[in-house]
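S.K.: These are the residues of each chain, in order.
There are 2 protein chains.
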Amino acid sequence: MTEYATFLTAAHAAFLRDLFPGDGCVLSPEGLAAFSTDASRERAMPWAVVRPQGRAQVVELLRWADAERMPVYGRARGTGRVGGAVPSLGGVVVSMLRMAGEPVVDADDFVAVVQPGVITADLQAACAAKGLFYPPDPASVRFSTIGGNVATCAGGLRAVKYGVTRDWVLGIEAVLPGGRVLRAGGRSHKDVVGLDLTRLFVGSNGRLGLMTEIIVKLIPLPETSASALVGFADLASSLAGAGAVFRAGVLPSACEFMDQGTLEAVRMGPGGDCIPLAQGARAALLFKLDGTGPGVAAEMDRLIAALAPLGPVSVEVGRGEAEEAVWAVRRSVSPATFRIAPDKLAEDIAVPRGRVAEAVERARRIGQAHGLTVLCFGHLGDGNIHVNIMHDRSQPGVADAAHRAADEIFRLAVELGGTISGEHGTGLTKASFADEQLGRDAVELMRGVRRVFDPHEIMNPGKGW
Amino acid sequence: MTEYATFLTAAHAAFLRDLFPGDGCVLSPEGLAAFSTDASRERAMPWAVVRPQGRAQVVELLRWADAERMPVYGRARGTGRVGGAVPSLGGVVVSMLRMAGEPVVDADDFVAVVQPGVITADLQAACAAKGLFYPPDPASVRFSTIGGNVATCAGGLRAVKYGVTRDWVLGIEAVLPGGRVLRAGGRSHKDVVGLDLTRLFVGSNGRLGLMTEIIVKLIPLPETSASALVGFADLASSLAGAGAVFRAGVLPSACEFMDQGTLEAVRMGPGGDCIPLAQGARAALLFKLDGTGPGVAAEMDRLIAALAPLGPVSVEVGRGEAEEAVWAVRRSVSPATFRIAPDKLAEDIAVPRGRVAEAVERARRIGQAHGLTVLCFGHLGDGNIHVNIMHDRSQPGVADAAHRAADEIFRLAVELGGTISGEHGTGLTKASFADEQLGRDAVELMRGVRRVFDPHEIMNPGKGW
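The listed protein sequences correspond, in order, to chains A and B.
Quick note on the UniProt record's numbering: the first sequence kicks off at 1 and runs consecutively.
Quick note on the UniProt record's numbering: the second sequence kicks off at 1 and runs consecutively.
For the record, the hints were derived by calculation from the structure and aren't laboratory data.
There's no promise every hint is true.
Pairs count within a copy or across copies, as identical chains cannot be separated in the list.
The calculated SDA-like cross-link candidates involving lysine to any residue, where the alpha carbons are at most 25 Å apart (straight line), are [what the hints assert, rightly or not]: (1) Lys161 to Leu221; (2) Lys161 to Arg41; (3) Lys161 to Met300; (4) Lys161 to Pro270; (5) Lys130 to Pro276; (6) Lys161 to Gly24; (7) Lys130 to Gly354; (8) Lys161 to Ser394; (9) Lys130 to Ala67; (10) Lys130 to Ala305; (11) Lys161 to Met1; (12) Lys161 to Gly417; (13) Lys130 to Asp407; (14) Lys130 to Lys161; (15) Lys161 to Ala240; (16) Lys130 to Ser140; (17) Lys130 to Glu324; (18) Lys130 to Ala357; (19) Lys130 to Thr224; (20) Lys130 to Met300; (21) Lys161 to Asp18; (22) Lys161 to Trp327; (23) Lys161 to Glu457; (24) Lys130 to Gly417; (25) Lys130 to Glu408.
The structure displayed is predicted, hence computed values, not measured ones.
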């Protein structure tokens, strides 16, 4: 076990101030507080925050941190929901937001070379300006960075057709503890020389090193898209409907699901009575199709025909400017959940696609057994269901009940051949469950691999495996 | 450095005969000879060959081999071109061909669970029978196995649209030296718990362990496809044409290229004067589009319109039963090359897509400087060019000249920001170049990672990194 530094000495502080002049180094308690948490609301105070502007500073920082056994927590916009960026052992938080130069989008090579602090939506916009497409589309795309997306292997809406972040990363440059610089992969769309260290970094949660440059693969921007919001009388028909669409040979670029409770929460909100969904709908599917105009039109026909035998109670197709309207329901879901209860545990289990019905049904019953409402919605197309355990922690015993329900839902996911996290990761809040799911042998292998890059385990320590 | 076993003792032989009864263990020289080589024509005699029928035997084998420091070479159909399966230090070859049970294709989960010895085309057929699609399509698909494809991260024709083998593997079961069993990933389409050991195995060339089960992701089988063979007056227009197609927003499922010398070789063969390509064509592109009928038709219109400004000398579109005819040219390329010279070095460099023109032109000039014909063809869409150095090794000095030309072409690929192998791997024949491309630091990290799984480096030793 590493004997970590236990506080920031005056010499440490002097080193950091020297390496990161001006506001590149934050040491004041009020300045540090902003970096103590992320979207998980877990909290731990770092001893220092630094803001590198280039690779050279990161090299010096990690040479020093390795020698000093200083915990190092990479961070960008802090949109992670599991405390992945929370500095649980104190140490130094490294904000990558100043490494955010203009992405280099190459329309001949079909790649973008991008620094980690660039907002993913900005990268997508830079690509779209040249008729190119970077498909991964996590819900946080307008706020989160490409560095954070790669570190966590972000998923999102379009994964059902286009895969997750992992599938789009061609190369990385990373600085390792001790200051070594690793360049893996590159601008070639194919490369099978050596072990695949590039993808090992994807989803490694800042535990192998700090990425300073990322090369992603691009494809031509689809010409158009269209969407359909489809209401069903019950859960079973909606899930059967999704299966029918896939069996009809249609591969949507999004296939989202909302259960009864979720729809009720949406209807309780402003404008909730004029959403483009029949009142009788107790479950809904939202599909997006992309491609050429004629291709999308043909796929939409097949999709609607495939759903017909399930007797949908409403079908609202959105094309062109009307497309956004059918998405408004889905976008309003996350805030709407708080109309059910003031607090939620938002989990993102994933199960084999054919087990989603069982997972949703059993998750709801687990909630009931604890006297709690469980809302399920999310990325049905890839079996990645966001399970929201709504509760009111101001009531005695309720927070505990919610956590017990979450534990049961995690075990349910594993029992169904799934995983406790489809896309949020495990970070701090699910660290012990991650180790349980993986088993001792796999955890030992992962720690072994980590130590090859980070022998003293200074990178994002305290997060399991 | 491991002190490997240097020969097979009587006790070793007895152990293997006991664990693999009957013809499950091969020890006769004539029996062993068949396992001494692969499509590289490199050769080294193993001391024993075993044919496990299930995981339990593999566990016992690797427990024993680790203790005995016995080199272990996993192998399937031996279609690899770089000696990846050649037992360069002797030891035991493990043929995985008897682990080839019927693939379990699950049309609800959209996954297939498959044993490593299953032929990839058989897996694809089992999927197609249920309207499902496993896209990776290496040229060897009718002969090579899914285990070999995963071990080498096979690429192929459809990678431009669908990615390579890596992008389709959701989970693996592997036996590690010492007999530990690793299960990584699973049937969930999304999973971000822990380090990504699943993809670390993809392309690991049998150097981390022996895979005993593979879970792949499936998508709906496209409804139809159509292809177009397009001739150009010169190399530059053909490469510009490919760029124009991508810029028009069309993402073909294949985008193949053939240069002048390649077309001449094809024309020299039987039926060569009636290929569906204008006589004046000095370069050709071959596109495949897939999707719904109307979608493919619309994309074909856009594709042809995008090419028009480049003035193609012929455009032959193949639809339905006529589609195969336009592919006959491409399929005849590999045997046709031998009409130019009796021997070839077939390399598969990949470069950033925008550098293909320069790569092809300079590769040809490198050949000329050595008095050799270099034929270029292959997967233009992802920058993966098969460079064939034709020569006659019966002439004095010519084999050496061919190897010198290959060395220069490898360095050219790296200079252009590419890689010495897009899909064949580096195995035995390119081991030293692999280490040169990767650099000492990356090689050290890869060896470190290998040792986590295989502390005594018994798995496929003698192949660089």
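S.K.: Up to 25 Å between alpha-carbons, please classify Lys161 paired with Ser394: within, between, both or neither.
M.R.: neither (42 Å within a copy, 52 Å between copies)
S.K.: With 25 Å as the alpha-carbon cut-off, assign the pair Lys161 and Gly24 to within, between, both or neither.
M.R.: neither (41 Å within a copy, 43 Å between copies)
S.K.: Between the shortest in-copy and the shortest cross-copy C-alpha distance, which are at most 25 Å for Lys161 and Met300: within, between, both, or neither?
M.R.: both (15 Å within a copy, 22 Å between copies)
S.K.: How would you label the pair Lys130, Ala357 (within, between, both, or neither) given a Cα cut-off of 25 Å?
M.R.: This pair counts as between: shortest inter-copy Cα distance 21 Å, intra-copy 41 Å.
S.K.: Can you give me the call for Lys161 and Arg41, within, between, both or neither, at a CA distance of at most 25 Å?
M.R.: Neither: 32 Å inside a chain and 40 Å across chains, both beyond 25 Å.
S.K.: Have a look at Lys130 and Met300 and pick one of within, between, both or neither, based on CA distance no larger than 25 Å.
M.R.: So Lys130 and Met300 pass the 25 Å test across copies only (22 Å; inside, 27 Å).
S.K.: Evaluate Lys130 and Gly417 at a C-alpha cut-off of 25 Å and name the case that applies: within, between, both or neither.
M.R.: between (42 Å within a copy, 22 Å between copies)
S.K.: Can you tell me if Lys161 and Leu221 fall within 25 Å by alpha carbon in one copy, between copies, both or neither?
M.R.: both (14 Å within a copy, 13 Å between copies)
S.K.: With identical chains, the pair Lys161 and Glu457 could be close in the same copy or across copies; at 25 Å between alpha carbons, which is it: within, between, both, or neither?
M.R.: neither (36 Å within a copy, 39 Å between copies)
S.K.: Indicate which option fits the pair Lys161, Met1 if close means a Cα-Cα distance not exceeding 25 Å: within, between, both or neither.
M.R.: neither (43 Å within a copy, 46 Å between copies)
S.K.: If the cutoff is 25 Å on CA atoms, where do Lys130 and Thr224 land: within, between, both or neither? Let me know, please.
M.R.: Within one copy, since 15 Å is at most 25 Å while 29 Å is not.
S.K.: Are the CA atoms of Lys161 and Gly417 at most 25 Å apart within a copy, between copies, both, or neither?
M.R.: Within one copy only: 22 Å inside, 29 Å across.
Of the numbered hints stated above, those contradicted by the structure are hints 2, 4, 5, 6, 8, 9, 11, 13, 21, 23 and 25, listed in ascending order.
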